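Q: Take a look at the letters that make up each chain.
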Amino acid sequence: MDLARRRFDAVIVGAGGAGMRCSLQLARAGLRVAVLSKVFPTRSHTVAAQGGIGASLGNMTEDDWLWHMFDTVKGSDYLGDQDAIEFMCREAPNAVYELEHLGMPFDRNADGTIYQRPFGGHSANFGEKPVPRACAAADRTGHALLHTLYQCNLAARTEFFVEYMALDLVRDADGDCVGVMALEMESGQTVLLESKVTVLATGGAGRIFAASTNAYINTGDGLGMVARAGLPLQDMEFWQFHPTGVAGAGVLITEGVRGEGGILLNALGERFMERYAPTLKDLAPRDFVSRSMDQEIKEGRGCGPDRDHVMLKLDHLGAETILKRLPSIREIAMKFANVDPIREPIPVVPTIHYQMGGIPSNTNGQVVAPGKDGASAVVGGLYAIGECSCVSVHGANRLGTNSLLDLIVFGRAAGNHIAGALAKGAAHKALPADAGEATLARLAALDARSGGERTQDVANDLRRAMQAHCGVFRTAALLDEGVRKVAEIAQRAERVAIQDKSRIFNTARVEAIELSNLVAAARATIESARARTESRGAHARDDFPARDDANWIKHSLWFAGASVNASALQYKPVQLTPRTVPSFAPKKRTF
Amino acid sequence: MIATSPVPRPNAAASAGTARFRIYRYDPDRDAKPHMQELEVQLHRHDKMLLDALMRIKSDVDDSLSFRRSCREGVCGSDAMNINGRNGLACTTNLRELSQPIVLRPLPGLPVVRDLIVDMTDFFRQYESVKPYLVNHTAPPEKERLQSPAQRDELDGLYECILCACCSTSCPSFWWNPDKFVGPAGLLQAYRFLADSRDEATNERLDNLMDPYRLFRCHTIMNCVDVCPKGLNPTRAIGKIKEMMLRREI
Chain A
1 MDLARRRFDA VIVGAGGAGM RCSLQLARAG LRVAVLSKVF PTRSHTVAAQ
51 GGIGASLGNM TEDDWLWHMF DTVKGSDYLG DQDAIEFMCR EAPNAVYELE
101 HLGMPFDRNA DGTIYQRPFG GHSANFGEKP VPRACAAADR TGHALLHTLY
151 QCNLAARTEF FVEYMALDLV RDADGDCVGV MALEMESGQT VLLESKVTVL
201 ATGGAGRIFA ASTNAYINTG DGLGMVARAG LPLQDMEFWQ FHPTGVAGAG
251 VLITEGVRGE GGILLNALGE RFMERYAPTL KDLAPRDFVS RSMDQEIKEG
301 RGCGPDRDHV MLKLDHLGAE TILKRLPSIR EIAMKFANVD PIREPIPVVP
351 TIHYQMGGIP SNTNGQVVAP GKDGASAVVG GLYAIGECSC VSVHGANRLG
401 TNSLLDLIVF GRAAGNHIAG ALAKGAAHKA LPADAGEATL ARLAALDARS
451 GGERTQDVAN DLRRAMQAHC GVFRTAALLD EGVRKVAEIA QRAERVAIQD
501 KSRIFNTARV EAIELSNLVA AARATIESAR ARTESRGAHA RDDFPARDDA
551 NWIKHSLWFA GASVNASALQ YKPVQLTPRT VPSFAPKKRT F
Chain B
1 MIATSPVPRP NAAASAGTAR FRIYRYDPDR DAKPHMQELE VQLHRHDKML
51 LDALMRIKSD VDDSLSFRRS CREGVCGSDA MNINGRNGLA CTTNLRELSQ
101 PIVLRPLPGL PVVRDLIVDM TDFFRQYESV KPYLVNHTAP PEKERLQSPA
151 QRDELDGLYE CILCACCSTS CPSFWWNPDK FVGPAGLLQA YRFLADSRDE
201 ATNERLDNLM DPYRLFRCHT IMNCVDVCPK GLNPTRAIGK IKEMMLRREI
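Residue numbers (the working numbering), protein chains in the order written: chain A, 1 to 591; chain B, 1 to 250.
Derived by calculation from the structure, the hints in this document are not laboratory data.
None of the values given here were measured: they were computed from a predicted structure.
Worth double-checking, as some hints may not be accurate.
[Stated by the list, open to error] Computed list of lysine-lysine pairs in DSS-like fashion (alpha-carbon distance at most 25 Å, straight line):
1) Lys48/B - Lys313/A
2) Lys554/A - Lys572/A
3) Lys242/B - Lys230/B
4) Lys281/A - Lys588/A
5) Lys335/A - Lys48/B
6) Lys588/A - Lys572/A
7) Lys242/B - Lys131/B
8) Lys129/A - Lys281/A
9) Lys501/A - Lys33/B
10) Lys180/B - Lys242/B
11) Lys335/A - Lys230/B
12) Lys313/A - Lys335/A
13) Lys129/A - Lys587/A
14) Lys230/B - Lys324/A
15) Lys298/A - Lys281/A
16) Lys324/A - Lys313/A
17) Lys230/B - Lys48/B
18) Lys240/B - Lys324/A
Pulled out of the complex, with its shape left as it was, chain A reads as follows:
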């Protein structure tokens, strides 16, 4: 295979909200930036975000960034790093104003300010009552945000490498990242992109589960690259189930529906969330609502012939509100659930949605890993932002609207940090002599193999195993069996064969490469989950139902190891001390 080489100041892998917010900052600083994406930038999964972006603008009722911070810390079940959460919540209003200045078409209030709606877990005055904090563009906030960022990047002349798939990091003997191996999908050629700085912004790996709101492209490519490079993945046991995926289809129905006044009903027509969360009710955080829904279903109060879902009722909002504020939700409900929500409720079920864990990073976006002395150290030349990263602002459970915020705040912060670092005139480091060889060998082996299993048979088994063994409720027995199954599947994944050997836009090859990334993300998830013997946020153990603050206020760090049996887990402390305000001490979570 030909190995072409290109040189850039910075290479950003991924053109979602985080990647393009970062690239905008770098392009405006006059740096030579390449943004790689498996899909045309506006097709990145940020486009599917619906409900809003969180910021304490206070446009509707009084709000305060400190309340936002409190909600985020509490929502994280005290696993979030409070210095990072403080940073994000303080930056939020300016980050949103900046989006507006860039042209994002937010909905508006009568006074011309940005419209905000209530969202799960967001409260006024430290939990007193729901507060409208989600800045929204109808129910297409992610679309509006992503297109705006792409448009501004066009104006700033960012260089995009569209339909390029990143394959592996290239690191030198010091462990610094000096570039990325990538595959140009259209030609089938591999290319080595040399860079002073590499930014991973590859999104989540939601496709490791069978029922997921995530796009097909969300295969955790950045996670696989990092795991193969011997770097850790953090807190991967924490996966968010969104309470309202369309039953059977998995397509997302925004929490903004409940923000606008929608309610969840069981088979008896009861608004059951009143029992579980007397104050926030249907607007409790997602882990809480998902578990409540599951409880209702378990106790036989589910809806439908199989009693396997609940109903999301919004007809009482009136046609006008639905058409104005939730037009895409109506479209989705009609297409995927055959119901018109103006008249009938939507059947919904908790569905895998968001990866709280990821590549450990700091508030500059720099990747951090245990150094030689065991303490956290920066990995030279490598950044991670957005869903693929773990700063950690979401801890054990993310609040709705904080993901778009995470993209923007840390995409921007990383851009600024990189621009500052490169302004000092750093040169490209020398490439190692064997740069890219392991990647080329892996590709050549895949192309040469015949008679192996089909990629999607293995991928489907992986997704089914994860769904069955690492779902809403987990036990040691389930997880032990799951770890064994996933290890077996990991070995099968090494032997898949593709029939399609064409060079041109070979999507079978892309899917086979993605499978190895899915496997890394799945192993990290289930092995970290088995080790965590407590229930916290989205990680709920039937055999350890209580949160164990004495032993488990710590982040998991999973290392892939050289083989399936050689993985390892380490732990690092949670940063409980914010930058400028007093710490929020762990308390029992009630809503």
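Given chain A, put chain B in place with the hints provided.
A: Coordinates of chain B only, in the frame set by chain A:
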């Protein structure tokens, strides 16, 4: 070439019938010219949309079938194709609404890269040519720029475009002049910024479209309106641009 149906797998979900296809196939690496492939695929219980069937074909029947896809809910715009003679998104087209065999071709008028994947360079070049970004040289206020709900309403039906290219590739004017006529998708975005109360480049934007081809090749055939999977109306936006030009002249 007729592919065989898949071998039964122990973990396959209950079958829900089959679907028959005729699919345009072309791999420049192997094929001297394009051909139509006939095949049949076993559907599973939850396979509801055309994209589900395509994914099933790719995983169970023929992994070389090439198409773009991502969000599978009609918001990313990846899987536009010509379905039984009409442009649409595979992920929001219900299989039950399609007569069989389902005939799939790449979007018309653009060069084919492979199978159902087209080269969208011309399409995106036209999009870029309208400068699809807010131009405002006034220093922004500390908070948001204000915009009334009525001003914001002007953007509805414009900003929602997903750049799938269903419209432009159903437009005869775009087929004949993809290098000169901006096309419905690009013009919709041109008007999205003309209609934005925050934008200050109205004159430049109109100047940029003052040309026998760029705007005026629209002959209101309205194929674009007919096929838009998001229910948008580029023809109306084009009419609005012409109106703005006229008003400027008087």
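Q: Tell me, which hint numbers fail for this structure?
A: none
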